[in-house]
Structure formats: structure tokens, C-alpha cells
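Letter by letter, the chains look like this.
There are 2 protein chains.
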Amino acid sequence: MGDVPILHEYAASGNCYKIRLTAALLGTPIERREYDIMAGETRTAEFLANVNANGRIPVLQVGDRFLPESNAACFWLADGTHLVPYDRFERADMLHWMFFEQYNHEPNVATLRFWMKWIGEANLSDAQRLQLPLKQAAGAAALKLMDEHLSAHDWLAGHDLSLADIALYAYTHVAEDSGRFALADYPAVQSWIVRVEAEPGFVAMGA
Amino acid sequence: MGDVPILHEYAASGNCYKIRLTAALLGTPIERREYDIMAGETRTAEFLANVNANGRIPVLQVGDRFLPESNAACFWLADGTHLVPYDRFERADMLHWMFFEQYNHEPNVATLRFWMKWIGEANLSDAQRLQLPLKQAAGAAALKLMDEHLSAHDWLAGHDLSLADIALYAYTHVAEDSGRFALADYPAVQSWIVRVEAEPGFVAMGA
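Quick note, the sequences are listed as chains W and D, same order.
Counting from 1, position 143 in the first sequence corresponds to residue 142 in numbering that gives the first Met the number 0; the numbering is continuous, with no gaps.
Counting from 1, position 43 in the second sequence corresponds to residue 42 in numbering that gives the first Met the number 0; the numbering is continuous, with no gaps.
Bound conformation, chain W alone (with noise of 0.2 Å):
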């Protein structure tokens, strides 16, 4: 198990960026291998036979095993360092945020950039088009609970930056890609972007 685990990835999906900020903050080297989920990469008999028969990424590979959910692999990075709180109620905090994250943040903060600046509005289906304020009223919601929480501390969970900030970080700062959130009416939030953006090791999106 001396290799460097492999990211299986989409440089521009946040969750793929989750790995990354956690590898980068912690100093762990990873190797990066790129998929183009537009042209259905991730879903070729190869890559649901060997890498993930739920056909996304992305899947952190120790080894020869493989590890699908971007929370996961970002705790299977962490486990045991400072990225993961010591107490045991914070620590469940932390996955708190971070399930938080995946059922109210992400289906709607992230969707809707997918769907607006990926896929486009107008190619959206009725199903799809029907949801757009609904999927917008819950990741306002979403955004407005992170900043109440943000206006009384300086992180998610615990008292240093945890894994639970990382999670929420990667699509919270880019949530005005679909046009339907402004940041500037999150200030708490927006300072903890700063706060996380000054972290040593922190890497950007686009590197």
C-alpha cells in the first residue's frame, strides 16, 4: 500500500475537487486520471466493470480497491490527521455537515450549475425544468443555514477547519455558476470562503 492513490475524476466536478483540497491540505500526493462525463466516459463497460458500477465519479483507488462517494474518499484521506476532529461528537458533527452536503446542498446548489452551465437551460428536460425553482428555494435554504451557522463560528464543525469545510466549500463558492444564488446575500459565508481560501496547502478549483 506504499502507491499513490488514484483519483478517477472530472477536474471540473466539485466532489472530484473535495479529494483533491483534502490531498493538498494534508500533503498526501495523489495521481489524476481525467474522465469526460459529457461524452459518457464513466459509463463504459470498463468503467462500471472495474472502477465504479455506480458510474460516476469520483473513486479514489488504494491499491487495488476501489473507493466511490466523494465524502468517503476525502475521510479515508483524513482518518486519523487533524482534517478530522479528535472528539467524538465533533467528529460526528463533522459527517453531519458532510450528509448534510450530499442531501441538501449538492442536488441543488451543484444540479442546478450542472444543469445551467453544462447542460443548458434550454436543452433541460420538462422534468427537469419543473424543478428549477424548487431545487433553487432548497440550495438558497441550504446556503442560508451555513450562513447562520457561519455567523456564530468560525467552521463548520469542531474549532479548526475539518473535512466538513471542505465538503461544503467546493460547490458553495462556485454556487453563482448557475446564476440562481449571490453569494452577497451569505456574508458569513462569504467570509468563511476567505477563511478556507487562506488555509496552507490550499489549492483552487482550476489547478
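Everything labelled a hint here was simulated from the structure, so no lab data went into it.
Dumping the calculated BS3-like pairs for lysine-lysine here, alpha-carbon to alpha-carbon at most 25 Å:
1) W:K143 <-> W:K116
2) D:K134 <-> W:K116
3) D:K116 <-> W:K134
Distance windows between CB atoms, simulated:
4) W:G205 <-> D:D35: 47 to 55 Å
5) D:E40 <-> W:A44: 45 to 53 Å
6) D:A38 <-> W:A44: 45 to 53 Å
Now the stretches of chain W that chain D is said to cover, found in silico as 3 or more residues with beta-carbon under 8 Å:
7) 65-78
8) 85-94
9) 102-110
10) 123-134
Note that beta-carbon positions come from the ideal geometry of N, C-alpha and C, so glycine has one too.
For this one, chain W is given, so just place chain D on it according to the hints.
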């Protein structure tokens, strides 16, 4: 912290049941406080201010601290026990299945159960009605992925039952409630359900 944790819940919710099942398998006593979500009892000003600003159950109260997100509450209960694999990769792989549950399984299998059995098909909005076939297909894909994995493994992560099995058992074993899934289509899932229910300390959802 010698206090018994308090589960703020709606008993028919699979997300709440996960926490009761985890506590039961560990022999950990918990108190239960019931809220009627259909009557808006988790959206009152008092609930939002004191229990969960996200207006959702379950929330696990530990002393004077509140932990939302079902899978995070399960992690707090089980951290350091046999329900969380000791091996680093297996521990992250358990989280992989728990994030899969919240992203790919719950919004389809559980949401269809809620829409069809609680709200009723006649009362669905246009946006919900257009999503029915999409959620049915996505839920079937999630069950098929579990079935393929469980055809070759007794448990989802590692070599024993873990929180991954508890998290996915909760809504899988009642997937047929929506009228949109047949568990007979997933024989390895059916065998795994029998194994989960044979665990010492197992409690049923209605208990």
C-alpha cells in the same frame, strides 16, 4: 455526559429507525420523543430554534448538544464499536455506502414510499408526478447495485454487519411500500435482509 441520549423522531421514518436499530444492536439505551411531521411539528419556531434549524428529524440530543442527520447520529452511537470497521479502508468503504444511501437510495426509494403511502398519488404536484418514473428507475438502479454487491459479499462493507448495512436496511426492507419496487427482483438483497434480521439485538421498525 452520563445522560441517556434523546432521539427526536417520527417513528415511521426509516431515517429515525436507523438510529433505534443501531442503539438496539449496541445495547445502548436511548429516550424517544415523537413529533408529528405531517402536522408540521418539526417546523415550529421552537423546534427550529432549539432542536434543528433544518426542520428535520431525526436529531440525536447528547446532553445539551444536538446532532442532525441520521447517519451521523448512528456514527456517534457506534464510533469505536464493532459496528464501525477497525480497518481504515473498510471504515471509509462503510461511509461510501452511507453516502450512497443518502444520495442514490433515500431520495428515490424512501421518497417514493413517502409520496405514495403518506401523501398519496392523487395529491402529488406536477413536479412530483413527472419525477415518479425517474425516481422509480433511480431507486431500481440503487437496489440493483446493492444486489450485485451482495451476490458476492455477505455485508456491504468489511466482513461483518456495519452501519452501512443498518443505513441501507432501513428503507430497503420496506421498499415495496411505494408499490414501485418488488424485492423478489433482488434475491441477494432478500437474503441479506434475513441476515440483518437475525442479528442479536435486532429490533423491528414498528417496535
